[in-house]
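One-letter residues, chain by chain:
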Amino acid sequence: MLKREVVLETRNLSMHFGGVRAVDNVDFQLRENELRCLIGPNGAGKSTFFKCLTGQLVPTSGDVIIRDITMTGREPHDVAGLGVGIKTQVPNLFDGLSTQENLWLSASRWHADKRASVLVKETIERLELGDIRLSVVGSLAHGQRQRVELGMVVAAEPWLVLLDEPAAGMTEEETYKTAELIKDINQTSALIVVEHDMNFIRAISNIVTLFHQGAIFMEDTMDVISADPRAREIYLGHKT
Amino acid sequence: MRLYGTFNGTLVTAGLAIIFTLLAPSIFQFFTIITLTQVIGLSILTLSLALVWGFGGVLCFGQSAFFGIGAYAYSVAAVNFGGSTGAIFVAIFVAAAFAIILGYFVFFGRVSDVYLAVITLTVSLILYSLMRRTSGPEYKIGSALLGGFNGTGSPPLNMPGNASAMLFPMQTFYVSMAFLIVAYVFSGWLITTKFGRVCISIRENEVRTSLLGYDTRLYKIGIFGISAGIAGLGGVLFCVGVTRVTPDVFSLGQSALAIIWVIVGGRATLIGPVLATFVLYFLTASLGSQQLLNANLVLGSILVVFVLLVPNGVVPTFSKLFEKRRAKRYSRLKEHRIKMRKHRSA
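Listed in order, the protein sequences are those of chains G and D.
For the first sequence, the numbering used here assigns the number 240 to the last residue and increments by one with no breaks.
For the second sequence, the numbering used here assigns the number 346 to the last residue and increments by one with no breaks.
It is worth saying that the hints were derived from the structure and are not from the lab.
A quick note: this is a predicted structure, and the numbers were derived from the prediction, not measured.
Treat the hints with care, since some could be wrong.
Here are the simulated EDC-like pairs of lysine to aspartate or glutamate, each with C-alpha atoms no more than 20 angstroms apart in a straight line [to be verified]: (1) D:Lys320 <-> G:Asp95; (2) G:Lys177 <-> G:Glu157; (3) D:Lys334 <-> D:Glu323; (4) G:Lys183 <-> G:Glu172; (5) G:Lys183 <-> G:Glu128; (6) D:Lys194 <-> D:Asp215; (7) D:Lys324 <-> D:Glu335; (8) D:Lys334 <-> G:Asp131; (9) G:Lys114 <-> G:Asp95; (10) G:Lys177 <-> G:Glu128; (11) D:Lys194 <-> G:Asp95; (12) D:Lys194 <-> G:Asp113; (13) G:Lys183 <-> G:Glu32; (14) D:Lys194 <-> G:Glu157; (15) D:Lys328 <-> G:Asp197.
From the structure, some residues in chain D lie toward chain G, with a derived Cβ separation under 10 angstroms [stated by the list, open to error]: (16) Leu190; (17) Lys194; (18) Arg197; (19) Ile200; (20) Arg203; (21) Glu204; (22) Arg208; (23) Thr209; (24) Leu212; (25) Tyr214; (26) Asp215; (27) Thr216; (28) Gly288.
Note that beta-carbon positions come from the ideal geometry of N, C-alpha and C, so glycine has one too.
Looking at chain D on its own, in the form it has when it is part of the complex (with noise of 0.2 angstroms):
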């Protein structure tokens, strides 16, 4: 059984998504249009954490590590590239390799959780100030300059395959909402596959999963480097979405937004993260626009008041809440059955 929702589930939501991508241009500003193409990025990023920590159970502290690598892959492939169709798939890749190195030291290691929640923190906060001390024209791959503090410039979506067809704003919005839905339904599939399956008794018991002969270091590298490359396409959009990468996508604050959207939406689904992403993101941006509250402090009240008292997160929480109302309606049903049968008899 599976206690939140089911495949179909993911479909009917992946539909939903597309409704919205459809009216977004008629609802949204021109402007808003351009700043979802960035949250879309980052909720790419909190997707690929709710999969990696909710479902195979490795709280990776330093996502953001792969978010990161796969801006700058992109950026720099796409630069010698000459083009953008390519450089996606080399971002993806180099994040989804990255991490499946990193995780072969680490999960054969036999490292604890705990440890690499430091490890993959340590691994993210290292790229950050390695990436800010490339600044000079020596610091180059190819003909892209890695530009230290500054970071370097993201050349926009093109046209598969035709480098001069460059993508306006809104045709990148709609490309990045169809990389977030297709994401989105490959994860809610994965986790239904026998693979993702493991991965989820991994997560409630290791030991357990071993003893019944599976391997479990090779699953969790598996669904660490499928993360990774989920979280490398987030950091595509993004740098597309703001044109620019900069050190500042390894940085501590980017990792843990994407641990507080996590939990906010709740770790057991794959749609929390996401929603929790898109709310937070605007309300944040908001709050950032007046001076009364300053936006961290609600921010960490946000999380405070969540870890306290919802703790599964919002959407786990609702659905349960709707799943008991649903049992009561069913068994007061079955009661009533019982007692017409019951009369019809007498």
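Chain G on its own, in the form it takes in the complex (with noise of 0.2 angstroms):
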């Protein structure tokens, strides 16, 4: 199989906050169409590293490049600008509006109006967001509101999609349909997840990688990965 073009890497990447080290020396690369999953225990320097990507922290050395065009230090509205659909940990929505004008506000950015509207209306049956079209989003449950932020990153059409936890306090149900939606989205475009729960990766990833004291400590299939007796002792022997 021929080698897809790296669509965003990370050279040398390091943050440090005082004397702490949360990301230390990474390397990565993301493929074109590719779905890759970050995983690690708490304090692995998986959500720091997700911020550098975005512009939301500025790392203390390396780069980010994204599509050949060098992000570090950039502004996160520039990270977006290139077309990255983001999701962070925290959920983040304008809480005071409508699931309809969060979904527009995001459209519009990229497409004209009429254009904003046809998506608007095809994320909402996507996402299956009929019911709560008009409710502000500040009055939804948690599940509801994980599912308008995934909305408003698929309205957006973005060809790269980051996402920090978005399964995160949704029901059994709900996480199932989100990895059928990430599986969905990952037929037009590139991924990355910052995921806990290790069913809903397995559901939807091939390659992981697992970070471990703000390195990556592996990257393989997550069968490879349950399988190392170390591995299993960094990350998921906590689980047994």
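From these two lone chains plus the hints, build me the complex, please.
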């Protein structure tokens, strides 16, 4: 198989907070249409790494390169401006506005009025948001809010999607639907998903990157990682 | 979904304002009409603060800085031009330009909300001290003396392009109301445009807006500049109404009043703050004519009561009540229909 083009890369990426090396010399590559999960115990540096990718944090050293453009230290809107869809760990929504308006704001960043309205409609159908279309998102349940936020990512038709814990706090059924949706998004975009839920990762991912103490510990399929005794000790060991 | 009102609602309100304008001369005494012109100027200041704070999420504590700049720019320009037509536009432009330059440093410098309030207030107070020190013949711009503590005279409005045809107080009132209505409809329209909707989203969650790919700093500078321009227009009408502009337009009291009016009227609406300006202005004025209660004490109590009991302001609270009642009625109607359908099928 021909190697696909690298769309996102970090070179020697480090992020230090005082003496703490949250991210330590990470070289990471994501190829076109790839779906990659980042896992690791709490404090492994996944979320810090994620924030360096989205421009929310400026790395101490090293570079973030998206489609051959060095994005290190650029603003989040510059990263999003390349056509990257982002969902942060903490639900980040426009609480005082309706579901529809939330989606519209996302879609209309990239599309003219008509196309944006069509996209909003499609997204509402795709994520089954019809019932809460006119509800103020601040009044919705946690799982619904997560879905609205995924909808905002989808509505912009991004070619690269970065999701930080998309299934957190969802019911089993919602988690299942989210996994299906992520596979669906993967038809047209590359994805990086930070997650804790092992079953969820098993359901969606091919290659998984395991973070440990700010560095990449190993990169392989979930089956290999769960079979590896050292990896089990780092991460899966906590479960049993 | 827009929580309160739509653009159609704005137009209806504007229609009511036009009716009020036409009826005013037969309701009010001549002296009240003259006072009204000043209040219209103040209400445009409140409107501009409602726009930038209520919809842009930028708490500008020194909105009166732009109001005062507008008043001074108009007075100076009108004296130099020998007419008011161009001077009005100069005033709006100078106020907006000043805000855009200030906004550039504040928003690109990532100054947080609280400091923004402090900085804008400080700017207003700096202008206050500065203008107080401009007495003497050496402080003049063109042929207009700045006049220091006593301020400078503001020429009356004249017919567009005809400086010798000055407007009578009644005509000035009509023109002022027209400006208020235009500013109100413009603001109401602005928040329905894409620009306005993005500004509202920044108010809701700035991080999210930037993660969607919008450069929030540019939008904030935009709404800041536009609202400053509107405040500048308010300053023009105010100084025309008073016939003079003094450094007091920059004072702490002036800035605080605008904020009180917005809080009482409700910052999620545009009409609320405008109405609150009129009501509270005349309330304060009538309190000033008696000795029993101190006007400031009453005004302060009103503010405290509102912050504690009606934090959303009058208009949003009422429209929520109204919506709830409507929703109740609607659901009752729906129940009734379902019952009827069951009845029929049975």
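Check each numbered hint against the structure and report the violated ones by number, ascending. 9, 15, 16 and 28
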